[in-house]
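Novice: Each chain, written out:
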Amino acid sequence: MQTIYNSKVKETLYTEKLKNGLTVMCIPKKGVQKKYIIWGTHYGSIDNKFIVPGETEPIEVPKGVAHFLEHKMFEQENGKNSLDVLTSIGVSANAYTTNDHTAYLYECTDNFYEALDEFMDYVQHPYFTDENVEKEKGIIGQEISMYDDYPDWKVYLNCLEAMYNTHPVKLDITGTIETISHINKEILYKCYNTFYNPSNMCLVVCGDFKPEEILDEIEKRLINKEQNGEIKRIFEEEQEDIVKEKVEQTMNVSKPILTIGIKCKAPTPKERVKTQLAIEIILNMIFGESSNLYKELYHEGNIFEVPSLSYEFAENYAHILITTNANNPEEVYEKFKAKVQEINENGLNKEDFERIKKMIYGEYIKQYNDVTDIARMFLSDFMKGINSFDYLEEIEAVDLNLVNQVFKDNFQPQKMVLSVVK
Amino acid sequence: MEYKKQEIKKGITVHNLNTDKFKTNLIAIFLTTPLSREYVTFDAVVSAILRRGSKTMQTQEEISKTLEEMYGASFDSGLNKTGDNHILKFYLESINDEFLPQNANNMFKMSIEKLTDIVFNPYLEDGKFKEEYVEQEKENIRQKINSKVDNKAQYARTRCIEEMYKDMPAGLYRFGYVEDLDKINSQNLYDYYKKLLSECKIDIFVSGKINKEDCVKIIEEDENISKLEPRDAKYVVNDIEVKEEVEERTIEEKMDVVQGKVVIGCDILFNEEDLKDKNLKYQAMMYNNLLRRKCKFKTISKCQRKSKFSIYRKFKLCSL
Numbered sequence: 011m012q013t014i015y016n017s018k019v020k021e022t023l024y025t026e027k028l029k030n031g032l033t034v035m036c037i038p039k040k041g042v043q044k045k046y047i048i049w050g051t052h053y054g055s056i057d058n059k060f061i062v063p064g065e066t067e068p069i070e071v072p073k074g075v076a077h078f079l080e081h082k083m084f085e086q087e088n089g090k091n092s093l094d095v096l097t098s099i100g101v102s103a104n105a106y107t108t109n110d111h112t113a114y115l116y117e118c119t120d121n122f123y124e125a126l127d128e129f130m131d132y133v134q135h136p137y138f139t140d141e142n143v144e145k146e147k148g149i150i151g152q153e154i155s156m157y158d159d160y161p162d163w164k165v166y167l168n169c170l171e172a173m174y175n176t177h178p179v180k181l182d183i184t185g186t187i188e189t190i191s192h193i194n195k196e197i198l199y200k201c202y203n204t205f206y207n208p209s210n211m212c213l214v215v216c217g218d219f220k221p222e223e224i225l226d227e228i229e230k231r232l233i234n235k236e237q238n239g240e241i242k243r244i245f246e247e248e249q250e251d252i253v254k255e256k257v258e259q260t261m262n263v264s265k266p267i268l269t270i271g272i273k274c275k276a277p278t279p280k281e282r283v284k285t286q287l288a289i290e291i292i293l294n295m296i297f298g299e300s301s302n303l304y305k306e307l308y309h310e311g312n313i314f315e316v317p318s319l320s321y322e323f324a325e326n327y328a329h330i331l332i333t334t335n336a337n338n339p340e341e342v343y344e345k346f347k348a349k350v351q352e353i354n355e356n357g358l359n360k361e362d363f364e365r366i367k368k369m370i371y372g373e374y375i376k377q378y379n380d381v382t383d384i385a386r387m388f389l390s391d392f393m394k395g396i397n398s399f400d401y402l403e404e405i406e407a408v409d410l411n412l413v414n415q416v417f418k419d420n421f422q423p424q425k426m427v428l429s430v431v432k
Numbered sequence: 176m177e178y179k180k181q182e183i184k185k186g187i188t189v190h191n192l193n194t195d196k197f198k199t200n201l202i203a204i205f206l207t208t209p210l211s212r213e214y215v216t217f218d219a220v221v222s223a224i225l226r227r228g229s230k231t232m233q234t235q236e237e238i239s240k241t242l243e244e245m246y247g248a249s250f251d252s253g254l255n256k257t258g259d260n261h262i263l264k265f266y267l268e269s270i271n272d273e274f275l276p277q278n279a280n281n282m283f284k285m286s287i288e289k290l291t292d293i294v295f296n297p298y299l300e301d302g303k304f305k306e307e308y309v310e311q312e313k314e315n316i317r318q319k320i321n322s323k324v325d326n327k328a329q330y331a332r333t334r335c336i337e338e339m340y341k342d343m344p345a346g347l348y349r350f351g352y353v354e355d356l357d358k359i360n361s362q363n364l365y366d367y368y369k370k371l372l373s374e375c376k377i378d379i380f381v382s383g384k385i386n387k388e389d390c391v392k393i394i395e396e397d398e399n400i401s402k403l404e405p406r407d408a409k410y411v412v413n414d415i416e417v418k419e420e421v422e423e424r425t426i427e428e429k430m431d432v433v434q435g436k437v438v439i440g441c442d443i444l445f446n447e448e449d450l451k452d453k454n455l456k457y458q459a460m461m462y463n464n465l466l467r468r469k470c471k472f473k474t475i476s477k478c479q480r481k482s483k484f485s486i487y488r489k490f491k492l493c494s495l
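Residue numbers (this note's numbering), protein chains in the order written: chain F, 11 to 432; chain C, 176 to 495.
Only chain C is shown next, with the shape it has when bound in the complex (with noise of 0.2 Å):
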């Protein structure tokens, strides 16, 4: 497996990991932008209007038929927070054309002009998004946020995250907030949409068997990523930085189940000392695994998976 990578525009990165060891090409597009309490809830929506359609798969049904014409190439979207930024994640793979009944067209080429068309190509009515689609997704959307609460294990994660990192953009629910929906509408939704494409940092991963060479000339020639203008992409570098002790506290709420969850967060504290230590994260992976491994149920298992989530959102936060 051999990994290369580069700059195609300024702020626009391609990733190549030219690997034969599967049957699947994966590509990968990851838009980064800052996270913030204002925008948190655009991005969430942003993220769902994309799957909706494009200009030249202009519904849902139409992008489904398309991938599976395309022996059932899958497409994926996924919204995650790293430190203080928040990826829009859009993935599609399919399979190489060694392992296709009959010599098939250029599956990787029409996969990236796929997934460019779904992420940098929107369906557009009026110079907006769809208003329908909008408010679907706006509806969808605040029933995620409200079904946090259904998994009890997940949903104390999330507020012991949210309680660690108050006011600060870690501490945001990755899907944004309710009160906030509203707020939204098709026409301020497309123009934060350009501000984002314009401004965020772009970076497209290919894993499979194709060497870096063929990869950047297929991406630099494809319709929708020529379009892309180079950019100052603006996002968070994520510096470990040193942290004051606070003093420990309990949240507790209760619901109405059989087995009760608790989730220990623990933030690491660095002083000057350990910032010149750059195999600090190992240090981190390796405590936080001491922990969660000793044994496999009752309460204290708990109590490990929750060591391993703190020092998790430690080590995200020294991962860009």
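Same shape as in the complex, but just chain F (with noise of 0.2 Å):
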């Protein structure tokens, strides 16, 4: 296996392509009582529109399908659960979706090579029916009704929907009632066959564990499967404009919620990691514990606790997004635009950037203290074609300039988008 070793954080990667395609990858952590094993495939909610390798037309299939998938993984064809097997071994299983990536999991302190066989022998044998598929609409449909009542999802979603024209990023990532009305097990053994081949998944492993022996264990329990092709993503066009500044909406809160949306350009690969450093030393500058705006806010009695301050992406979208209770959402907004113009003008303290980088060092070293941060993190970097020490290794090089040039980059005032639920 190839060896990875981070002096920073004093923590190695195994990592290992296998023949099949497969990516292995093992972060030993000695003494620690905690194994954790995660199985991901680089198919999201926003994976609807394809082309098959070895085919030439493309196909596009309802939204959820990533989604309604994992639900469905779970059952076998011996009428068993797979979810309730492994409960039953004592170990801790789940899965879940995002907008680039699928991925199922467990966690245990005993009995890893029994759930092993469990675990890989789900992911590898899926099994629908007319009869399971229908059922699962009204399970998920519940799931759906209750992401409804929830006013931080409503204000993301709006939020999205506010910057985006065509791009799926925008969609629920479990589909409507609607969308998930059309699916079916042709379609689900379809997505099946082209995203769960191993070359377009990876396996994490985390714990205590000798990473040749794992890597033996984990290809005994393989199924014979080629490498398929390339599998062709068709996105729309996505236009740089937002599609409108302003959306509210009104649910039964106590206090308004406001979503800033500030829509970026995709970086390139190359970009990625020291984009992603810059802007979330930009983000606590402008609006972080220590921040000027946060002070400022917080003593008018306006917001209460410090912003959920991210950046997302993906290869074909990025944007930040800044959430938090106000009492008056679009004061915030409105000062939040003038600091973004300040800034413009004069860019940014230097004594604040400096405190600020040592801050974000420590939050990714903070990172490792958890074999679940940890296996999570090198997956989901994965799916974006990074590995995670990068982020210790290239945050050195990340200077004042360069966080003035992203900061010109991607704060642009015409693409903002204010949403609130109140």
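Check each hint, because a few of them may be wrong.
As the list claims (entries may be wrong) - Only some residues are given here: those of chain F computed to face chain C with a beta carbon under 8 Å:
| # | residue |
| --- | --- |
| 1 | Lys18 |
| 2 | Lys20 |
| 3 | Gly41 |
| 4 | Met156 |
| 5 | Asp158 |
| 6 | Asp159 |
| 7 | Asn262 |
| 8 | Val263 |
| 9 | Lys265 |
| 10 | Glu299 |
| 11 | Ser300 |
| 12 | Phe314 |
| 13 | Tyr371 |
| 14 | Asn379 |
Said to hold, decoys possible - Derived DEER-like restraints, expressed as beta-carbon distance ranges:
| # | chain 1 | residue 1 | chain 2 | residue 2 | range |
| --- | --- | --- | --- | --- | --- |
| 15 | C | Val417 | F | His309 | 51 to 57 Å |
| 16 | C | Glu427 | F | Asn104 | 32 to 38 Å |
| 17 | C | Gln233 | F | Asn121 | 50 to 56 Å |
| 18 | C | Gly302 | F | Glu341 | 31 to 37 Å |
| 19 | C | Val417 | F | Asp226 | 55 to 61 Å |
| 20 | F | Glu258 | C | Lys184 | 53 to 59 Å |
| 21 | F | Glu373 | C | Glu237 | 19 to 25 Å |
| 22 | C | Tyr462 | F | Met11 | 42 to 48 Å |
| 23 | C | Lys184 | F | Asp226 | 51 to 57 Å |
| 24 | C | Gly302 | F | His309 | 20 to 26 Å |
| 25 | C | Glu420 | F | Asn104 | 37 to 43 Å |
| 26 | C | Glu428 | F | Lys280 | 51 to 57 Å |
| 27 | F | Lys27 | C | Met176 | 34 to 40 Å |
| 28 | C | Tyr266 | F | Asn338 | 30 to 36 Å |
Said to hold, decoys possible - Derived DSSO-like pairs: lysine-lysine, alpha-carbon spacing no greater than 30 Å straight-line:
| # | chain 1 | residue 1 | chain 2 | residue 2 |
| --- | --- | --- | --- | --- |
| 29 | F | Lys18 | C | Lys387 |
| 30 | F | Lys39 | C | Lys180 |
| 31 | F | Lys147 | C | Lys436 |
| 32 | F | Lys368 | C | Lys264 |
| 33 | C | Lys196 | C | Lys387 |
| 34 | F | Lys345 | C | Lys240 |
| 35 | C | Lys436 | F | Lys164 |
| 36 | C | Lys327 | F | Lys256 |
| 37 | F | Lys147 | C | Lys327 |
| 38 | F | Lys44 | C | Lys196 |
| 39 | C | Lys179 | F | Lys44 |
| 40 | C | Lys240 | F | Lys349 |
Derived from the structure by calculation, the hints contain no laboratory data.
Think of the CB as a built atom: it goes at the ideal place given N, C-alpha and C, for glycine as much as any other residue.
Bring the two chains, given one by one in their own frames, into a single complex with the hints.
Specialist: Put into structure tokens, the structure is as follows:
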């Protein structure tokens, strides 16, 4: 296996690309009780239109298939549900779907290999019937309704809709009750066979493992499958402009929630790590705990918590999100825009920059405290073509000039939107 | 991992978990005091006001800047009910020196200093808390109390507990009550804080790559800790008690939601025989897991979460 040692966090990554195309990563943590395994496919809610390897015509599937598939994977031909089987072995199993990947996982302290039998078996053996697909529609319908009551989720989705014209990132990961009504077992098998090919997947383990040993155990449990070729994903050209600047929804909340979104240009593969680091630094300088903007709004009694600050990106989209509760969302938005304008004229403050950079460095070190965080981080970064260690390596080279440039490129007033739920 | 504890002064205990599994050291200070209707709201405001500034870091901004400079040491505070006690919790987590770019000055010692400064050495004006801060924090807590309806599932759980333990300390809302906020001012809040500090049980937890001896030494030498007096700590030892069976009750509140939220609270009835069984707590936890594990979605899982909750409550009552 290839080994990569990081001297800053003093951890080693062992990685191997198997003959069938599957990437296996192991980050050993000696003496840690918990073992964590996560198996992901580069297939998320945005992958609705694609060309199956070996075919020429693109196909389009209903919104919500990736998430639907995730639900259905647990059901086995022998009538058992793998989630129940894993629970009965004494491990804690789960799965999730994001915009760009779907992942299956479990964690445990004992019975790791017994659980591995079941785990690798169910991910490699889908079992869809007309009947069990129909049944699932009711269950997922319930989940969709549940999200309808979450103001936090609504403010997020509305913000994406205000930013994106056509890109499927704006759609709910679950799809809607209408779109999932069109899903059938043929569609599920088609998507499974396309995206659940080992060459489109990555398996990460973290815990007290011997890398070569766990690699053997994984290989033993893999069924024979040929690598398929490249999956061509098709996205309609997304125009640079936003759809509309402001969107508002009324729900039963005591205090309005707002999300400020900024539509950005997707970073090139080489720029990704540095851009992410620079944007995290900028966001904390503008709106973090020690920022003047936060202090001012807090003292006015407008907001009473540090906003959540994030930068999300994949191959062909990128945006910044700032979310908080506020008595007067419009005022928060206007003051934020004024701050951006001020920085545009004067640049970012050097002293603040140095301090926040130290903080961000610490944040990345903290990620290595827990096997769950480590494994999930390596998987989701892998899906973006990034080795997680790169953040710790590249942060040194992130200087004030670069950060000012990233600011100019990404914090553009005409790309900002305000989503409010009140 | 090795756990050791030492009472450094009467009523003040240092707990040390010596482990090299983490990149960070975590320090937690817990102040434990009996829950009461009279002071529950005071506790909430005290917990919030201490975050606003200390003698050496006079504003929240200074606290934040100090923490950022310490490679993003994170400070957090919390307020929890455990049985009939209210616990004010303060945490500071910082990177172990080993993982810092250049060997920065003893980060652990600095973290102890900063955390004890926040908890035991607050910023005062004219011998009391700063009025402006008190009024702002009262307002924030007012909003927090009012916003308990926002998360409907959480609200249903809170209401269930209130009804199950009506007129009992365990039924109190941890952030207190809006009508009591008006009675709080910077003077009586500071008086309460001093009383709390002199009477509460103090526990200091340290987890990280540091042994008990070094840990105790640094804490004992800390300026703010050395000023604390020994105390006969006042707190409630929660015993399991025999309970009478009560009649089932249904409380219904109407709101504009897509999906209704149902919470079933089940208090566990113990008889004299049960009380002899030391494993009772674990049996309750097992049963709770059996109920909540079985299935993922649909109505049943909600009921299961509930049972988790009420048993958890019971578990909490047993836990001190």
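Novice: For every hint, state whether the structure bears it out.
Specialist: Tested hints:
1. Lys18: 7 Å, holds
2. Lys20: 7 Å, holds
3. Gly41: 6 Å, holds
4. Met156: 6 Å, holds
5. Asp158: 5 Å, holds
6. Asp159: Because about 5 Å separates Asp159 (chain F) from the closest Cβ in chain C, which is inside the 8 Å limit, the hint holds.
7. Asn262: 5 Å, holds
8. Val263: 5 Å, holds
9. Lys265: At about 6 Å, which falls below the 8 Å cut-off, the nearest Cβ of chain C leaves the hint on Lys265 (chain F) intact, so it holds.
10. Glu299: 4 Å, holds
11. Ser300: 4 Å, holds
12. Phe314: This hint holds: Phe314 (chain F) lies near chain C, its Cβ roughly 5 Å from the closest one there, short of 8 Å.
13. Tyr371: With a minimum Cβ separation of about 6 Å from chain C (threshold 8 Å), the hint on Tyr371 (chain F) holds.
14. Asn379: 5 Å, holds
15. C:Val417 with F:His309: 51 to 57 Å: 52 Å, holds
16. C:Glu427 with F:Asn104: 32 to 38 Å: The hinted range 32 to 38 Å holds for Glu427 (chain C) and Asn104 (chain F), with Cβ atoms some 33 Å apart.
17. C:Gln233 with F:Asn121: 50 to 56 Å: Holds, at about 54 Å.
18. C:Gly302 with F:Glu341: 31 to 37 Å: At 36 Å between Cβs, range holds.
19. C:Val417 with F:Asp226: 55 to 61 Å: Between Val417 (chain C) and Asp226 (chain F), where Cβ atoms are some 57 Å apart, the hint holds.
20. F:Glu258 with C:Lys184: 53 to 59 Å: Between Glu258 (chain F) and Lys184 (chain C), where Cβ atoms are some 56 Å apart, the hint holds.
21. F:Glu373 with C:Glu237: 19 to 25 Å: 20 Å, holds
22. C:Tyr462 with F:Met11: 42 to 48 Å: 45 Å, holds
23. C:Lys184 with F:Asp226: 51 to 57 Å: Hint holds: Cβ distance 56 Å, inside 51 to 57 Å.
24. C:Gly302 with F:His309: 20 to 26 Å: 23 Å, holds
25. C:Glu420 with F:Asn104: 37 to 43 Å: Holds: the Cβ-Cβ distance is about 38 Å, inside 37 to 43 Å.
26. C:Glu428 with F:Lys280: 51 to 57 Å: Holds, since Glu428 (chain C) and Lys280 (chain F) (Cβ atoms, about 56 Å apart) stay within the stated range.
27. F:Lys27 with C:Met176: 34 to 40 Å: 36 Å, holds
28. C:Tyr266 with F:Asn338: 30 to 36 Å: 31 Å, holds
29. F:Lys18 with C:Lys387: OK: Lys18 (chain F) and Lys387 (chain C) at ~27 Å, within 30 Å.
30. F:Lys39 with C:Lys180: 27 Å, holds
31. F:Lys147 with C:Lys436: At roughly 21 Å apart (the allowed maximum being 30 Å), Lys436 (chain C) and Lys147 (chain F) satisfy the hint.
32. F:Lys368 with C:Lys264: OK: Lys368 (chain F) and Lys264 (chain C) at ~26 Å, within 30 Å.
33. C:Lys196 with C:Lys387: 16 Å, holds
34. F:Lys345 with C:Lys240: Status holds; Cα separation ~22 Å.
35. C:Lys436 with F:Lys164: 19 Å, holds
36. C:Lys327 with F:Lys256: 27 Å, holds
37. F:Lys147 with C:Lys327: 25 Å, holds
38. F:Lys44 with C:Lys196: Measuring from Cα to Cα gives roughly 11 Å; hence the hint holds.
39. C:Lys179 with F:Lys44: Holds, at about 22 Å.
40. C:Lys240 with F:Lys349: 19 Å, holds
When held up to the earlier numbered hints, the structure conflicts with none and fits them all.
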